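Student: Keeping their order, the protein sequence lines are chains A and B.
The opening position of the first sequence corresponds to residue 1 in this note's numbering, with each subsequent residue numbered one higher.
The opening position of the second sequence corresponds to residue 1 in this note's numbering, with each subsequent residue numbered one higher.
It is possible that some hints are incorrect.
Quick look at which bits of chain A chain B covers, simulated, 3 or more residues with Cβ under 8 Å [unchecked claim]: (1) 18 to 25; (2) 306 to 316.
As a list, the in silico EDC-like pairs of lysine to aspartate or glutamate whose alpha-carbon atoms are at most 16 Å apart [unchecked claim]: (3) K319(B) to E95(A); (4) K5(B) to D332(A); (5) K130(B) to E99(B); (6) K5(B) to E95(A).
Just so you know, the hints here were simulated from the structure itself, not pulled from any lab data.
For clarity, every value in this text was computed on a predicted model and none was experimentally measured.
Just so you know, even glycine gets a beta-carbon here, dropped at the ideal spot from N, CA and C.
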Amino acid sequence: MRIDRVGRLCGDIEKSCADIGRLIQVMEVCGTHTVALFRLGIRSLLPKNLKLLSGPGCPVCVTEQAYIDTVIELACRDDCIIATYGDMLRVPGRETSLEKLARANIRIVLSADDAVKLAQQHPGKTIVFVAVGFETTTPATAVAIQQAAEFELENFAVLCGHKRVLPAMETLLSGRNDKIDAFLCPGHVSVIIGSDAYRPLAERFKRPCVVAGFEAEQILEGLAEICSQIEKNAPSVGSVYSLAVSPQGNKIAQSLIEKFFEPCDGPWRGLGNIPQGCLKLKSQYGRFDAARRFGLTMEDCPEPAGCLCGQVLCGLLDPAGCPLFGKKCAPDHPVGPCMVSTEGACAAWYKYGPER
Amino acid sequence: MNHDKILLAHGGGGSLMADLIAKTILPGVSGKSADKLTDAASVNFAGGDLLMTTDSFVVKPLFFPGGDIGKLAVCGTVNDLAVCGAKPVAMSLSLIIEEGFEFEKLERILKSIGQAAQGANVPIITGDTKVVETGAADGIFINTAAVGEKLEKANLSFDNIKPGDVLIITGTLGDHGMTVLSGQKGLSFRSEMQSDCACLFGIASALVEHLGGAVKFMRDPTRGGLAATANEIAQATGLSIRLDESAIPVKPAVLAAAEMLGMDILNIANEGKILAVVSADVAGEAIEILKADPLGKDSAVIGTVLQVGKSAIVEIRTKIGGSRIVGMPYGRDLPRIC
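So here's chain A without its partners, still in its complex pose (with noise of 0.2 Å):
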C-alpha cells in the first residue's frame, strides 16, 4: 500500500515536470533532507528535469574555519574541557582537527544538557559547550544557560556559533543564485519557527516553500506540492509535515532564544556575511561567552585553496563537478566543510552518490 503511494506521488511529480518542460532546480535547504534523499533511493525516482541542489542546512558545513580554530585553541588549554557534538570533530581548521588533536580533554555529548552535567561533575575545568546548529539546537543551548544559570555555574561557558535559516536562503536568492526555483524548507528547523515564517521569502520571491519531514513519502509530497505550484505558478507556503510543524511554531522554544540570544550579521562559511544570519549572546548573559571569558576573537580566513564548497552550498555546482572531490577531498582526509559532516553535500554524494 505504501509503495502504491509512493507510485503514486513519483507518477505525480513525473506529470509536473513534463508539462513543465524546463529544468526545475529544488533546493532541499536540510543537510537530513540532503542524506534522506540519497539513502531512500528518491533521487533515482525523480524525472531527469527535476534538479535537487543541496543548501546551507548542515550546521557543520557552514561553520566558519575561524570558529574552529578558536575551539581548538580552547581544546590546547588545560583548564578548559570541550563538550562538542560528535560531527565537529572532524572539521578541519587551519592546521589541524578536534579529532587529529586527540586530546582527553574533547568529550563528545549528546545535547547541550550533557554539557551541563559536565560543568557540575568538574568544578576545577570550564566546561566551553560548542554551541551550533540552527534554531533546531539553539534552544537546548538556550535551556543549557538557563539551568547553568540557576545553578550558578561559574565554570561553563558557551562558544556561540548558533546560525539562523531564513536570513541565509532570503540571501541565496537575493543574488547569490537566482536559479533556485523552490525551496524544501528543513523539517526540524520548521518545528520551531513554524510554517508561517517562510510566507514573506515566498511572497517577496515567489518561490515556493513547502515543509516536508524525512520519511519517503512525506518528501515526495514536498516535491509533488513545489512542481504542482510552479505548475500552476502559484508560489506559496506549503507543509506536508502537520503533524510535526505548526504555523506558529513552537512559541516556548522560540522565546527560550529571544531571552539568551539576539540577531546579528555574521560569517556563513562558504556564504561570507548574512545579514541577521547569526545569534549572539545577549550582553547580560555575556559572563557565559566563552569568547568574552577567554578574550578571543575570530578572524577571517581564506577558504583552503581549490575548495569549491561556498558553490556547493550556494546550489551553484554539484560536489562532483569540485576539481577535489573523491581525490584531494574524501571523508577520510576533508579539505572542505561539506566533506566532513555525514550531512554534508559532498560526503553524501561520495557516500551514496554514482558519479566517482
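Once you have looked at the hints, place chain B on chain A.
Tutor: Showing chain B alone in chain A's frame:
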C-alpha cells in the same frame, strides 16, 4: 592520506583501518599483501590444516545488556574461526588490567569467559596477566587467540564467489553496536536493546556440514557492519553486490536509535551474526538450516552477487524501489548534531 598520529577512527573497521593494515602493519611485520585477508589464517602442518586467529577487546562499557567484555572476548575469537569453517580446539587468554580495577568486576568477567568457553566447547589452555598503572588502560583489556581445525566439508574463499550467488544474513542487524553505543551515551531507550553477542560455531558448522561447497564464503560483520563486509567481498572478488533493503532484518528499537543518532544501520557492528554467500540453488535450504537454530531464527536472503558493471560496487534497492550505493564506512560513525 598520511596521518602522523593514530586516530580513534583507525580502529573503526572502515577504509581508514584497511589503510592502516595494508600500508603500515603488514609491510612492517610480514610483507604479506592485504588482498583477501580473512578472519583466520591457515597453517599447513603434517596433520592437516590448522587455522589461527586473534582478537583484542577494549569495549566500553565493560558490561552491557546481552553480554560483557568477557563473553565478547571468547565469542569474537570463536566466531573468527567459525566463519572460516574451523572448529575451535584451544584458546589463549591475556588480561591487561588497570591498577585499581575492582575484583568483583574481574570475577564477573572471568565467570562469563568460563561460561562462554564452556558453551563453545573450547578449552582455555594458556594465558597471561599484566597490571598497568592507573590511566594506562581503561579498566581491563582482553586479548584472546585460538586455533581451530578445519571442517572437512568447508571450502570457503573469496575465490569461490560467482555472479548469481546470494547473500544471507543470520538475523537482525545493529543490535550489538547500538546497545554498546547507547550504554556509552546513557540513552534512555537502552533497555529495549540487547547485544547479539553469541558464539556462532554451531550455526556456521551446521551450514557447512549440510551444504558443503555450496557455502562459498562467510564473515561475521563486526566493526564497519554489513556495509564494510559487503564492500570487502566486492573488492576482493571484483564482483558487484545488490542488497535488498526490505529483506534486511532490523529490530524497530535499534533502527530508531540509529536514525536518532544519524547513523546508518548498515555500518553498525554485530557480534552474533554471519553474512554467508551461498549458491542460489541452496538458498531455501540454507535458510531452513539456519532457522532451526535459535541464533538464526531471523535469517534472510538479503542480496545477490552480480556480474560487475563499470566497477565493483555495492548497491542497495531501497524500500521504496529506488537505489543507491552502499559505501565502505570511513572510520567510526560520529553522532550528528541534529
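Student: It remains to establish, for every hint, whether it holds in the given structure.
Tutor: Evaluation of the provided hints:
1. 18 to 25: violated (count 0)
2. 306 to 316: violated (count 0)
3. K319(B) to E95(A): Violated - the C-alpha atoms of E95(A) and K319(B) are around 42 Å apart, more than 16 Å.
4. K5(B) to D332(A): With a Cα-Cα distance of about 14 Å, the restraint between K5(B) and D332(A) holds, given a limit of 16 Å.
5. K130(B) to E99(B): The given pair, whose Cα atoms are some 10 Å apart, holds under the 16 Å limit.
6. K5(B) to E95(A): holds, 14 Å
Violated hints, listed in ascending order, are 1, 2 and 3; each of the other numbered hints is respected by the structure.
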